[in-house]
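Those protein sequences? They're chains A and B, same order as listed. Sequential numbering from 29 applies to the first sequence in the working numbering. Sequential numbering from 31 applies to the second sequence in the working numbering.
These are calculated hints, taken from the structure and not from any lab test. From the three backbone atoms N, C-alpha and C, an ideal C-beta is built for every residue, glycine too. One should not assume that every hint holds.
[To be verified] Reference excerpt, derived from the structure (chain B facing chain A, CB under 7 Å, subset only): (1) His149; (2) Ile160; (3) Thr176; (4) Leu272; (5) Ile332; (6) Arg480; (7) Glu539; (8) Leu540.
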Amino acid sequence: MIRSLLRLRTFAAPYLGTLVLGILSFLIARVFEALVPLFLARGIDSLAAGEHALLIPVLGIVGAVLARFAVVTLARITVRKVGLNVGFDLRQRLYECLQAQGLQFFNRYTIGDMMTRAVADIGLIQRLISMGTILFVILVFAAVVGFSFMMALSPALTVLILPPLPFVFVYAWYASRQMGVASRDVQDRLSDLGAHVQENLSGIRTIQAMVQEENEVRRFAATNQSYADAFYRQARINSAMAAWMPSLTSISSLVILGYGGHLVLTGELSVGSFTAFFMYLGMVVQPFRVAGFIVNLFQRAAVASDRLFEIFDLEPEIPDRPSGKAPSQISGKLELNSLHYRYPGASDDALRGIDLTIEKGEIVAIMGRVGAGKTTLLKTIVRLLDPAPGAVLIDDHDVHDYPLAQLRSQIAMVPQDPFLFAEPIRANITYDEPERALDAVWQAAEAADLRQTIEDFPRRLDTIIGERGVTLSGGQKQRATLARGLIRSAPVLVLDDCFSSVDTETEEHILSELKALRRGQTTILVSHRVSTARHADRIVVIDDGRITEIGSHSELLARGGYYAELERIQREGALEADYISVGTPA
Amino acid sequence: MSEASAPRDHAMFDAELSGQVLNLRLLRRLLRWIKPYRITVLVSSLLILIASGLQVLLPVIISLVVVDHVIMGTDQRVTPDLGMIDMTDWLTATFGAPPLVAACILYAVLHLGWAITGHLHRLTLISSVIKGLRDLRLDLFRHLETRPSSFYDRVAVGRIMTRVTNDIEALYELLRGMGTLIGEFVPFFVALGIMLAVDVKLTLILLLALPIMGGVTMYFRRATRQLFRLVRLSVSALNQNLQENLAGLQVVQLSDRESHNLERYTEINEHNRTLEIRSMRLETVYGAFTDSMASVALGVIIWYGGGALVQEQISLGGIILFTRFIDMLFHPVVVLGEQTNILFRAMASGERIFQALDWDERIHEPEHPIRLPERLRGEVEFRHLDFAYSPDAPVIRDVSFTIAPGEKLAIVGPTGSGKSTLIRLLGRFYDFDDGHIFLDGVDLNRIHTRDLRKRIGVVLQDFHIFSGTIYDNIALGEASITRARAQAAARTVNAHEFISRLPNGYDTELSERGQNLSQGQRQLLAFARVLAADPEILVLDEATASIDTETELLIQDALRKLTAQRTSILIAHRLQTIQEADRVLVLHHGRVEELGTHEELLAKKGLYYTLHTLQFQDVSEAELDALT
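Construct the complete structure from the given sequences, taking the supplied hints into account.
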């Protein structure tokens, strides 16, 4: 636990001075707090003696209270601010780390998991600093200061009230840890309950169609009951603590009452000090109510710290170390030299030695079954997956020699999954460069056959898409992501099966536009449709990570291989054989 | 029977309810759920009275008995001691204990009594309210469970869910707060009574602090309300940004937007920190202020007490008594300040809960339903059926067709053509009164939906997997479906093989929404479920998602067995399914556009032909219209 928390020191370092200052202020605040009973005792003693020298005690009390107020406020603000600052820094760091992650990362972690780390785990560390440290410091300082003052008043009485206190502390420790367990139980039951309702409501149509309402209510009653039970258990522990903590403490109170009273009678203790003792006892004991809570906070923050550093420790998946020797403008020649790729943890290569040269200005179609390696190949070109050195050359330079930013801006890839942000459609099309001119936006929309669709929207380019706005059909989404790729008029355009939900005729139209638009520029496209592929200068068929056929439409037809077979099936419209694999995303 | 239900504004369900006022009507209504446990509540109230009485006696022993009576020896008794002195004297006289020891015994006994009664009070109070809220939550769940599809179409599931979870939770919070308040305020009034009896003037002076604290609390609340809202908004902006960035990370990287996005996130993060710091400052000052009030009061007591002591209006013990009561006087106000936010939040939650409970949207059941025979033949007829979800947008227009018993009908058509609506109407998930549907000649509107739905087996696209075992998922609580029958069904639809490979076979627990099964396996399981229930009519909304070839073959085979000898309506996306149907119905803009066998329709070169060339992909009506 200590080691996990110590790792946070790099984040605390910038604020260490402030933190120490804040903590020391708490010590001063405790001293001022302890002065109040002292002045009160003097006042009472003065009254008991029949004198009425009350000015100093009263001014003393008010002064001490004001001083404490000021110091405590400052100390708390100081420490809490450190907590918020550390939280801020952690969030920044997490965001940066996540941005450098790639496909492997998302195979291991879910977005929900990352959100929990960003919200709950950082929140815990923030709480540890702004609350845990304060509570812990108060606990220690209150005991130290309180006992010092009591010793000063009456060593004999102080020593005698000590024996019951360890029991109080042990009980407080025990009970508040139990409390921690019970609260976590309540939280767990609550999230069970939430999950149950969520699951139930999202399946409500099935439930009603199957006439399962009664059954579901019965099942829910059980979940509901177990939450109520957990809640009651927690309340019971809490209530028991509220009853027994003061009861155990009251043994010490009895000592003050009996022995202290006796000392007053024998004249060894003043009435005022007698009263003050009760207050000091409270001062020492009160903070222990939360002892278990503090321990719990430290433990949970340690786990949170581990979970965060697990992400911080990840190396960027795709290191960006340009050699500086590559040209700053890519012209569009691509060369794959015996390109192999194996996914981490896989037992087999996904690409098994691809050799292919694509000249500037060429249009190349890549075809093959689901899982043949088409998308993997495309991803190595823009380094979404990292190829071995020398396997991918662009303009005769290793792909690793280019800065990532240059590589990805000059090779525009339109991925298979048409992801759009819940923003205006314009912002989606100009995602890489928000300042693009309106003309360019419409041009790209036109080329992607999206102009009419946008013009039909009530707010045209400003129409927000997604959950809170207009829902696009699968084909419209694909065309929008296509527009996002086209607007960049990059020397190399890579289209990963982005016409699968677009009907053949529209696709035909887009492709012929595209050919004119991209004359002299390189285009690589993956498709399942022969009608798409025939537009290409060359067609490459991949199977099981290897190139099996390569050539023009007519050449491949003449060869009578996979491509020719596919052409026959699609022409005849009798799609049974390959219907399942054709048109389904990998 | 079918009086047209008034159009509802479902936006109301989503609207934010403020609940800024203390709504007594609402509280009274809440009390109805506590009523069954009123005796426990009554016992609890008695207990808190006793506990509070004992609690205030403790300082009396310290100040009036020990300080005044034993130490100072003053016997003037200017301050009422509630019989504590006599009690001590009696103990001394009876057991011969020295007065100090007697006081200690008295203190110990009273303390123990207070601890026990207080504990019992809290337990009884909490248990009765927990039971009440448990009942309320179950009632709410039951109510929501039986709302019709028209409700679930319009209202976001998240919104409904928060009623059952967060809103009821807010009431639990309120309960926790109320418990604390009662535990604070009953002793407050008892202590106040004693203090007034001891010294009216001093008590009133001290009470002056309450309006000051109240005022500061109000000010603090007002100052922070807006701020807290902004903080909440900034937190959700922060999370939303991160979430979206992660979801679209590949696009972000391909568009080289990392640094730009980081800048935007930094801005949001900084904005959030600024707001957090501002609200933290206010909270800290307020917290320190309320901490200090009680201590300042100590000065006042000494100052004033000194004067009164000279005039023999108060004893030294009386002054000390006041110092011991200070916490009891001020703490409740601090707690009240802490609880107001919870209280108002609970008011808004209460409103939302009752709004949901009062939402009486329902499917109209016939007054005198016709009971269906033991076994239907399975003839379905749609006759001039019209339907619209909202009056100005008809979805089904004059649909008429008949399906013979045992026939397989495939329905195809572009997205939005009304396919799903048609099968929903067959299950009477919506009320309709324009046109008819007949089941074996019986008008659907004259059949109780419970009876009807047992006869129609539905496999929806997103078939729901219940958490529970595989067997539970096949039998669905139907006692007549034995394990043997469930297994037989699973065997028939090719699900047995993958089930028996699972670690615990049919007893394997399925996680939430069946995520430990593949898409194809879930489909097979859904088939097994339908087959085990053996309905006369099968309705299938075929999944569009991709499934590996091998499983796809199993599914097709299972579907063949499932539809054999059974009237089946299939919303089909796979060519094979369509080809194996007896007839195909093409739906377009809510109308029956074409109806016939696969070959007939292909030969017709109409809409079906076009859909066929599009490989029955997900096309919208508009896209299809552009092509034809």
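Structure-based check of all given hints:
Hint status for histidine 149 of chain B relative to chain A: holds, with the closest Cβ pair at about 4 Å, below 7 Å. About 5 Å separates the beta-carbon of isoleucine 160 of chain B from the nearest beta-carbon of chain A, less than 7 Å, and the hint is met. Restraint check, threonine 176 of chain B versus chain A: the minimum CB separation of about 6 Å is within 7 Å; hint holds. Residue-level restraint check for leucine 272 of chain B holds (minimum Cβ-Cβ distance to chain A is 6 Å; threshold 7 Å).
Interface hint status for isoleucine 332 of chain B: upheld, as the beta-carbon distance to the closest one in chain A is roughly 4 Å, under 7 Å. Below 7 Å, beta-carbon pairs count as interface contacts, and arginine 480 of chain B has one with chain A at about 6 Å; its hint therefore holds. The beta carbon of glutamate 539 of chain B is not positioned within 7 Å of any beta carbon in chain A (closest approach about 14 Å), and the interface hint is therefore violated. Because the beta carbon of leucine 540 of chain B sits about 11 Å from the nearest beta carbon in chain A, more than 7 Å, this interface hint is broken.
Of the hints listed earlier, those the structure fails to meet are numbers 7, 8, in rising order.
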